[in-house]
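Work out the full structure: start from the sequences and follow the hints.
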Amino acid sequence: AQSVTQLGSHVSVSEGALVLLRCNYSSSVPPYLFWYVQYPNQGLQLLLKYTSAATLVKGINGFEAEFKKSETSFHLTKPSAHMSDAAEYFCAVSDANTGRRALTFGSGTRLQVQP
Amino acid sequence: EPEVTQTPSHQVTQMGQEVILRCVPISNHLYFYWYRQILGQKVEFLVSFYNNEISEKSEIFDDQFSVERPDGSNFTLKIRSTKLEDSAMYFCASRVGQGLTDTQYFGPGTRLTVL
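For the protein sequence lines, the chains are B and V, in the order given.
Be aware that the first sequence starts at 1, since it is given in the working numbering, and climbs by one per residue.
Be aware that the second sequence starts at 1001, since it is given in the working numbering, and climbs by one per residue.
Calculated from the structure, these hints are not laboratory results.
C-beta atoms are modelled at their ideal positions from N, C-alpha and C, and glycine is treated no differently.
Do not take every clue at face value.
As the list claims (entries may be wrong) - Chain B is nowhere near these chain V residues, computed Cβ spacing over 10 angstroms in every case:
{"id": "1", "residue": "1018"}
{"id": "2", "residue": "1044"}
{"id": "3", "residue": "1056"}
{"id": "4", "residue": "1076"}
{"id": "5", "residue": "1085"}
Unchecked claim - Computed footprint of chain B on chain V; a stretch qualifies when at least three of its residues, placed anywhere within it, have a C-beta under 8 angstroms from a C-beta of chain B:
{"id": "6", "segment": "1037 to 1043"}
{"id": "7", "segment": "1103 to 1112"}
As the list claims (entries may be wrong) - Only pairs whose alpha carbons sit at most 30 angstroms apart, straight line, appear in this in silico DSBU-like list of lysine-lysine:
{"id": "8", "chain 1": "B", "residue 1": "69", "chain 2": "V", "residue 2": "1042"}
{"id": "9", "chain 1": "B", "residue 1": "69", "chain 2": "B", "residue 2": "58"}
{"id": "10", "chain 1": "V", "residue 1": "1057", "chain 2": "B", "residue 2": "69"}
{"id": "11", "chain 1": "B", "residue 1": "68", "chain 2": "V", "residue 2": "1042"}
{"id": "12", "chain 1": "V", "residue 1": "1042", "chain 2": "V", "residue 2": "1057"}
{"id": "13", "chain 1": "V", "residue 1": "1083", "chain 2": "V", "residue 2": "1057"}
Quick look at the structure:
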């Protein structure tokens, strides 16, 4: 079964610092990978997705993620954190092999941005 | 921008009662999903729905759960006899198709509290 692991349930950075949120997947074939963000009292919003095209994926709000097959990773980065980036971030996977589109989520990482 | 809406935002019910959670997917979307997130845990897939039938369900989606698209706009999740462990945030999602570039759009969620 597909799964994703997010290292670090809480990450705290200073405003202007690099944001790095880690996600590793387990799959025998490269899956489709997604990052979603959840702001307080809101639904899940797609930040970016990898669907076997370019390995470096750019998303909204200045975020990007790089698919590394050798490391089975899909870490999310942003060069300079903004206060408005404070939210919970979820990595998710769906099966590219079977066409199953239901998402399997990681446990989430809460990002705090300190002034 | 079109969005998925869910009502109510918060539902409190007594154990053993039936609840219906309502969702209005984006109007031209054909695939519908329910997920749930128990407090402090991962977002978990419950069920997917296409062409007026369930296309996939998880082991969580037992006989206590049912889904319906009663008209052209609503998509509902019914829990027949709620248990304490059904307390969770329930998210509805929809997507236009099954293509690689199709994104699941999530609603803001309904927080269900079973007393």
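Structure-based check of all given hints:
Non-interface status of residue 1018 of chain V relative to chain B is upheld: no Cβ of that chain comes within 10 angstroms, the nearest being about 25 angstroms off. Once the 10 angstroms rule is applied to beta carbons, residue 1044 of chain V is inconsistent with being away from chain B; the minimum gap is 7 angstroms. With a closest Cβ-Cβ approach of about 6 angstroms to chain B, residue 1056 of chain V is found to fall inside the 10 angstroms limit, against its non-interface label. Once the 10 angstroms rule is applied to beta carbons, residue 1076 of chain V is consistent with being away from chain B; the minimum gap is 17 angstroms.
For residue 1085 of chain V, the shortest C-beta to C-beta distance to chain B comes to about 18 angstroms, beyond the 10 angstroms cut-off, and the non-interface label holds. Check result for the segment 1037 to 1043 of chain V against chain B: holds, 3 residues qualifying (beta carbon to beta carbon below 8 angstroms, three or more required). Evaluation of the coverage hint for the segment 1103 to 1112 of chain V: fulfilled, as 7 residues show C-beta separations to chain B shorter than 8 angstroms, against a requirement of three. A hinted pair counts as satisfied when its Cα atoms are at most 30 angstroms apart, and residue 69 of chain B with residue 1042 of chain V qualifies at roughly 24 angstroms.
At roughly 17 angstroms between alpha-carbon atoms, residue 69 of chain B and residue 58 of chain B fall within 30 angstroms of each other, so this suggested pair holds. Proximity of residue 1057 of chain V to residue 69 of chain B is assessed by CA-CA distance (about 29 angstroms); at most 30 angstroms being required, the pair is judged to hold. A hinted pair counts as satisfied when its Cα atoms are at most 30 angstroms apart, and residue 68 of chain B with residue 1042 of chain V qualifies at roughly 24 angstroms. A C-alpha spacing of about 17 angstroms is found between residue 1042 of chain V and residue 1057 of chain V, which places the hinted pair at or below 30 angstroms, so the restraint holds.
Between residue 1083 of chain V and residue 1057 of chain V the CA atoms are separated by roughly 19 angstroms; this keeps the pair inside 30 angstroms, and the hint holds.
Consistency with the previously given hints fails for numbers 2 and 3, ordered from lowest to highest.
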